[in-house]
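Novice: Listed here are the chains, written in short residue letters.
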Amino acid sequence: MTDLLVVLAMAAVTYGCRVVFLARPGREPSGRLALFLERFPLALFVALAASTLLVPGGLDDPGPGYAALAGAVGGGLLSRRSLPGILAGGVAAYWLARVFLG
Amino acid sequence: MRHRRAFRRGLRDGVVLFVAVGGFGVAYGVLGVQAGLAPWLVVLASAVVVSGAAQFAWVSLAAAGPGPVLLAVSGLALRHVPMSARVASLVGPRPLRVRLALAWVLVDETFGLTVAAARRGETDLVAYKAAVDLLLFSGWVVGTVLGAGLGGRFDPAVWGAEVFFAVLFVGLAAPLIRGRWDLVVAALAVGATFAATVFPEAWRITAAAAAAAAVGVVLPDD
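Chains as they are written, first to last, in the numbering used here: chain F, 1 to 102; chain A, 1001 to 1222.
Heads up, some of the hints might be wrong.
To be verified - To give an idea of the chain F side of the interface with chain A (calculated C-beta under 7 Å), a few residues: (1) Ala11; (2) Leu22; (3) Leu37; (4) Leu53; (5) Val99; (6) Leu101.
Stated by the list, open to error - Here chain A is said to cover these stretches of chain F; the calculated rule only asks that three of the stretch's residues, wherever they fall, bring their Cβ under 8 Å from a Cβ of chain A: (7) 59 to 69; (8) 81 to 88.
Derived from the structure by calculation, the hints contain no laboratory data.
Glycine residues also receive a C-beta, built at the ideal position from the N, C-alpha and C atoms.
One chain only, chain F, in its complex shape:
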């Protein structure tokens, strides 16, 4: 029941943000609020990645995690930061590290 309510709340929040200016056109966020809204997603994605790959305790064996991060960065540089390139680089480096580091 709690999980269902969480999903419905997620839907309400997400749709609410998507519809706010379509329902009432002509007004946009500005100033510091606009800048915070712009920068929060980047900070959140980085925090989510760092909590697993960098922070001690995120993985049982941190070595392959570091390799995955390096591979993701390398894949991103080679593919102009495309999501498939980053995923391929990260996952490939992770598996190679597991094979060679044990």
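We have chain F; now place chain A onto it with these hints.
Specialist: Frame of chain F; chain A shown alone:
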């Protein structure tokens, strides 16, 4: 006739979304079931939330409880606010039911294609976006159903699901780094994540992200 042609152009441009987003839908479905969520709930979320970033964050933080999940999802959802304003200005005055429908699948990918179509001089953006929305929504939900069906057959530890998640978030962050001050915000987020280990586990990630974004507000805009 004009609507049909714009709709067909949307279908043509949106096919790639169906395939790509469908693949991520499979990954999300697998990981959602492996996180202990009911398969029907994982699929329902794809139908009513329609946000890969929010749903992956939900699966990642589900064990932490509703508070951290909703805080994180709210933060992610807020990025749709400027998109809403932009699409509203592009489509102009339309009946309310049309504008409400356009908001349903207003995600990064459909927004990007719609803005690009507007720059090309697309004559009917509503029909174009409706087609793109239809394909993205279909790909996301169908992929999720497939993934949720497969979920129980995979062992996350064997397949390194945790690392896949983390790399996915690297991939979602990468296009958001457009200048040196964005890099500073990313570095702040890493530092804040280390510092946030003093907080209760459930709140570490959202606290770190909020702190980094708050500091980012006082940095110059690139």
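Novice: Checking hints one by one. Is Ala11/F an interface residue toward chain A, by the C-beta closer than 7 Å rule?
Specialist: 4 Å, holds
Novice: Against chain A, run the beta carbon of Leu37/F and see if the smallest gap drops under 7 Å.
Specialist: Holds. Min distance 5 Å.
Novice: Restraint: Val99/F near chain A, CB-CB cut 7 Å. Satisfied or not?
Specialist: With a minimum Cβ separation of about 12 Å from chain A (threshold 7 Å), the hint on Val99/F is violated.
Novice: In terms of beta carbon proximity below 8 Å, does the region 81 to 88 of chain F have 3 or more residues touching chain A?
Specialist: Three-residue rule met by the region 81 to 88 of chain F, so holds; n is 5.
Novice: Close enough to count: is the Cβ of Leu22/F nearer than 7 Å to one in chain A?
Specialist: With a minimum Cβ separation of about 4 Å from chain A (threshold 7 Å), the hint on Leu22/F holds.
Novice: Holds or violated: Leu53/F as interface residue toward chain A, Cβ cutoff 7 Å?
Specialist: Given a least distance of 5 Å, the restraint on Leu53/F holds.
Novice: Please count how many residues of the region 59 to 69 of chain F have a CB within 8 Å of a CB from chain A and say whether that reaches 3.
Specialist: holds (count 5)
Novice: Answer holds if the nearest beta-carbon of chain A is closer than 7 Å to that of Leu101/F; otherwise answer violated.
Specialist: 13 Å, violated
When the structure is compared with the earlier hints, violations turn up for hints 5, 6 and for no others.
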